[in-house]
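Visitor: Line order of the protein sequences matches chains A and B.
Heads up: the first sequence at position 172 corresponds to 172 in the working numbering, and the numbers run straight through without jumps.
Going from the second sequence to the working numbering is simple: count from 1 and add 1000.
Honestly, the hints are just simulated from the structure, not real lab data.
You may find that some hints are simply not true.
[As the list claims (entries may be wrong)] Simulated restraints, written as ranges between beta carbons of each label pair: (1) A:Lys30 with B:Lys1273: 56 to 64 Å; (2) B:Tyr1113 with A:Thr109: 54 to 62 Å; (3) B:Gly1896 with A:Lys158: 41 to 49 Å; (4) A:Val97 with B:Lys1210: 35 to 43 Å; (5) B:Arg1908 with A:Val97: 17 to 25 Å; (6) A:Lys30 with B:Gln1731: 51 to 59 Å.
[As the list claims (entries may be wrong)] Partial pick of chain A residues on the chain B-facing surface, computed with a CB cut under 8 Å: (7) Ile53; (8) Met59; (9) Pro63; (10) Ser65; (11) Thr72; (12) Phe73.
Glycine is no exception: its CB is placed at the ideal position from the N, C-alpha and C atoms.
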Amino acid sequence: MSKPLKCACGSDEKELLVRLEEIIHSMKDKPGALIPVLQAAQSLFGYLPEEAILKVSEMLREPLSKVYGVITFYSFFSLKPRGKYLIRVCLGTACYVQGANEIITALKTQLGIEIGETTKDKLFTLDVGRCFGACGLAPVMMVNDDVHSWVKSSQIGKILKTYERKQPKKEEATV
Amino acid sequence: MKITINNNIFEAQENDTVLDVARRNDIYIPTLCYHVKTGQTAKCRACVVDVEGMRGMQTSCNLKVRDGMNVHTDTKEVQEAQKMVVDLMLASGYHNCLACERSGTCELQDACYHLGIEKSTYKDAPTGRKDESSEFIVIDFDKCIKCGRCVNICNNRVVNEVLGFGYRGKETEIMCDDDVAMGLSTCVQCGECVQICPTGALTDKKSRGKGRDAQFEKVDTTCPYCGTGCQLTLHVDKAKNKVVRVTGRDEWPNNGMLCVKGRYGFEFHASPKRLQYPLIKKNGKHEQATWDEALDLITEKIKTTVGKYGPDVFSALGSGRITNENNYAIQKFTRAVVKTNNIDHCARTCHAPTVAGLAHAFGSGAATNSVDEILETDLIFVIGSNMTEAHPVVSYYVKQAVKNGSRMIVCDPRRVDIAHWANLYVPLKVGTDVPFLNGLINEIIQNNWHNEAFMKNNTENPEDLKEWIKEYPVEKASEICGVPVEQMKQVAKLLGTAEKVSVIYCLGITEHTTGTDNVKTIANLQMVLGHLGKRGCGVNPLRGQNNVQGACDMGALPNVYHNYISVKDEKTKEKIEKHWGVSGLSLKEGYKLPTMLHKATTGDTKILFCVGDNTVQTEPNMAKTIQEVKALEFLVVIDIFENATTDFADVILPDVCFNEDFGTYSNLDRRVHLLRKAVNPPGEAKPTWWIMNELGKRLGVDLKFTSAEATWEDMRATGTIMGGITYERIQHKGLQWPCPTVTHPGTPILHTNGKFTRGKGLFSHTQYRSQAEMPDKEYPFVLSTGRRLWHYHTGTQTRNSIGLENIFPEELLEISPVDAARMHIKSGDMVKATSRRGEITVKAWVTERSPEGVVWCTFHFREAHANILTNDAYDNVTETPEYKACAIRIEKVSEGVETVSRGFRQARP
Ligand code: SF4
Ligand code: SF4
Ligand code: SF4
Ligand code: FES
Ligand code: FES
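Excised from the complex, chain A in its bound form (with noise of 0.2 Å):
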């Protein structure tokens, strides 16, 4: 194979594709399993890679468009690796106003990726929202359930740092 998978947490997507099918076999015959089963799968994968989703069409027997379909409709599911922090901008009026731009704008200058986007080494996700109800703590942007108010752009590096740190160091990560 000319490009190993791997997941966030450092294991062989194959490996994972096995556990998803003990998953879907210990819950297939239960009505309505699809929503649970996507749910198992994306806490397992951390996203929905395309693998999964075929897995689940396949061993559920539901039509490939009809998970596609439930994936798409709620925003719960990713369709892309999600890093390990998933880093939320406030984008609502007030937070727009306090210049929630700069920071974005900061956000990806120092983590090299977009919007929606993911770092290669699977540890932040970048990610817009609308009004968090925290305008008085405007500009806010949440990593996971970490809320961080009022922001400002030049310490958007040290906030990062804090979740780097956390990390075990790189040789220990992968088995």
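Since the structure of chain A is already known, use the hints to place chain B with the ligands on it.
Guide: Quick look at chain B with the ligands alone, frame taken from chain A:
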């Protein structure tokens, strides 16, 4: 009950909707999502009406009538409400009708017309997005009104499960598979979605710009491809003498559905490569001749040769691809003029074991039940049928049945696509059908799942069977056929405990040296279970070609006249002689097809007439067939194209094709369908009945073939099973034989109430015999052969129609991933396949459809086809060749570009 619409009182039925009543009485209500076939989704709200006593507007497409209901469809309020919906619909797309293919037949345009909408009051927003990636269908997203009909029909009627809705809200859109371009998706281009789309969102690519629908003449006829016998309408450009479009007709057996060949494989009729004039071979070259020259030459040849050596040096081949009339014509000519019974046709190479086996067991050699009954069955048992490719429309019914709760078992050495929908897929080893089925019967009897009463009352020899079947305990059977004991028991239990079982089989059963035994064993199984003579049951062989059933019915067989009356019967002979006005009909059975050919090499066959057969490419072991054909003194080929056989012909006569003359085809459930003339034949092409009539005249016999219908009438006069079928009766709908009198309604189910045609059913003792050529060290692979969705027979029709060739341009040898990995072969590599009889170089397709040790290809492509390799070993009863198993070896020749394949539920890589 009665309801009032717009102050007029109308009669209504219990389950009617308001829309039903309105439509019956020509009251227009716009409907954009509802369609009888896809049902009420109440999505569009274009059909709103006002009902007195009900609040707000009601959607009429799903509003059930109540007695005394008072409905208004034409008040200002209703019209305004309808208008608003249609207006919004216009605005959410881009509907400029000027160049739209559907202008004139579009339901949205109709709605605007009726409501007086000239232009949307909102701003429309064209995106210009189109998907033109597929061969035959264009998707114009701007014209999609998201009614959902196509999604519904693709998933629930043809069950190809390609289309779906993706995304949400404003972004909602139809898509193929996981939103890939249609041309890259699993779409099989059946075109059903195009036929049901209300707008120009889905259109046929081929007919784009060819003209408006209204300027075409519509001719109802029958599909010229497989034995399903789909009913279709040809849209004909009379001025250009061409078919421009094909649509499915809402009639049995297909109810509007078609497959890619039937819908998009029609241009062959207008191909410049069609044979147009008689050709006579002079100095090794075919030269154009007049009909008189050609016919005189043939007459002379028959006179001298038959005069010198007797009638049996003459042989003729009818065909499963030509009409009943033409088959009757050639058999009558052979018998009445030449006075030999050496007449046969290509059923010899496919379903002859069916005819022989079922006639032996039941007294009639045809399918016992009808296609539509598949929907009513409880358990569908499929064995040896690749129906999604060879009989696509039958497979739609099977898949529908499964979707609606029927169970299905698929038994096949290859994981054919229909297995995807099966509850149980049983991969048995090639050529082990007899032990497999006997093992099942044994297990069924052991467990008392058999139908004792049926066996006792309706069969002749149940006790014999119970005795000898003991030779096949499941364990032993399992060892031979390779199906695990547990799985065999599971299958036996499913069969034994189901309420209605329908067995559907095809050439995987018949094309073996044990073909007739295989068929007899299937008959045994159904007689043990008692699933015969009832709706939703039976033994249902899928006859391959459009008219292979009919060619048998018409007596293009060496042992029977039309209607299956034996040639050895004195009384029949007299009766037929009297009717035909001849004497001296032969009482001797004629040669079967392979024998005719073998006898050429010993000089016993000197003249061969070959109508629509392409013998050289269709018989096994091509090298040998060529020798035999070369050894003939005189070969006459009547066909529509040059092919591998015409090369060797002394005279070639141009035939007409399916839409150039009237005629009939009999389909796989014994339904006789009408063909209509839609265009003029090219050049001087003539129907076979005319040719035979002319030759008859020259040889002193008036065959009375003055038209196709006259030929049919001539047959009918001595007909029994089809005596009641006239052209007039089948103008719109086919009739199923037996239909002995003109008032008889036809027979959908044979052997009802357990009364077999032959009286009582007959069990046959069948034994396992291995295939003629087992794989060995030198030739380690088993080669099995079959058909592809995109092509038909030797490709003369499909390869001369635009588009099919682009989808599937060359033969591929299917090989399992395990074997491929071992031999370092990947999809796209060139490999050489060699058998004891020849070799071909062909592209490999690595696919999980093939089990380890088995490879597969077809005979569609003249450049590299299976029959160069196949074995000329024959079924001992019917001389049907063993196309499904021979031994070959494979070597990789060169690297190729890997083709992408996603899963095995696909008819192409
Ligand atoms: S493509 Fe046609 S049938 Fe399908 S949803 Fe759109 S308008 Fe309806
Ligand atoms: S052409 Fe047939 S298979 Fe393809 S999307 Fe339309 S209905 Fe489905
Ligand atoms: S299923 Fe057979 S009869 Fe029907 S359209 Fe296809 S080829 Fe023609
Ligand atoms: S606008 Fe950003 S939190 Fe409300
Ligand atoms: S046709 Fe009735 S709601 Fe669409």
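Visitor: Next item in the hint list is Pro63 (chain A). Is there a CB on chain B closer than 8 Å to its CB?
Guide: Result: holds, 4 Å to nearest chain B Cβ.
Visitor: Could you say whether the range 54 to 62 Å given as a hint is met by the Cβ separation of Tyr1113 (chain B) and Thr109 (chain A)?
Guide: Taking Cβ atoms as reference, Tyr1113 (chain B) and Thr109 (chain A) lie about 57 Å apart, which means the hint holds.
Visitor: Given a hint of 56 to 64 Å, does the C-beta separation of Lys30 (chain A) and Lys1273 (chain B) actually sit inside it?
Guide: holds (57 Å)
Visitor: Please check whether Phe73 (chain A) passes as an interface residue: C-beta within 8 Å of a C-beta belonging to chain B.
Guide: holds (5 Å)
Visitor: Identify whether the interface hint at Thr72 (chain A) stands, where standing means a beta carbon of chain B within less than 8 Å of its own.
Guide: holds (5 Å)
Visitor: For the hint on Ser65 (chain A), just tell me whether its beta-carbon gets within less than 8 Å of chain B.
Guide: holds (3 Å)
Visitor: Can we keep the Met59 (chain A) interface hint, with Cβ of chain B closer than 8 Å?
Guide: violated (11 Å)
Visitor: Using the C-beta atoms of Gly1896 (chain B) and Lys158 (chain A), is the stated range 41 to 49 Å upheld?
Guide: Since Gly1896 (chain B) and Lys158 (chain A) have Cβ atoms about 55 Å apart, the given range 41 to 49 Å is violated.
Visitor: With a cut-off of 8 Å on the beta carbons, see whether Ile53 (chain A) makes it to chain B.
Guide: The hint holds - Ile53 (chain A) has a Cβ within 8 Å of chain B, the shortest such distance being about 6 Å.
Visitor: Do Arg1908 (chain B) and Val97 (chain A) keep their Cβ atoms within the hinted range of 17 to 25 Å?
Guide: violated (55 Å)
Visitor: If I claimed the Cβ atoms of Lys30 (chain A) and Gln1731 (chain B) lie 51 to 59 Å apart, would that claim hold in this structure?
Guide: With a Cβ separation near 52 Å, Lys30 (chain A) and Gln1731 (chain B) satisfy 51 to 59 Å, so the hint holds.
Visitor: Look at the Cβ atoms of Val97 (chain A) and Lys1210 (chain B) and judge whether their distance stays inside 35 to 43 Å.
Guide: The hinted range 35 to 43 Å is violated for Val97 (chain A) and Lys1210 (chain B), with Cβ atoms some 58 Å apart.
Of the numbered hints listed earlier, those contradicted by the structure are 3, 4, 5 and 8.
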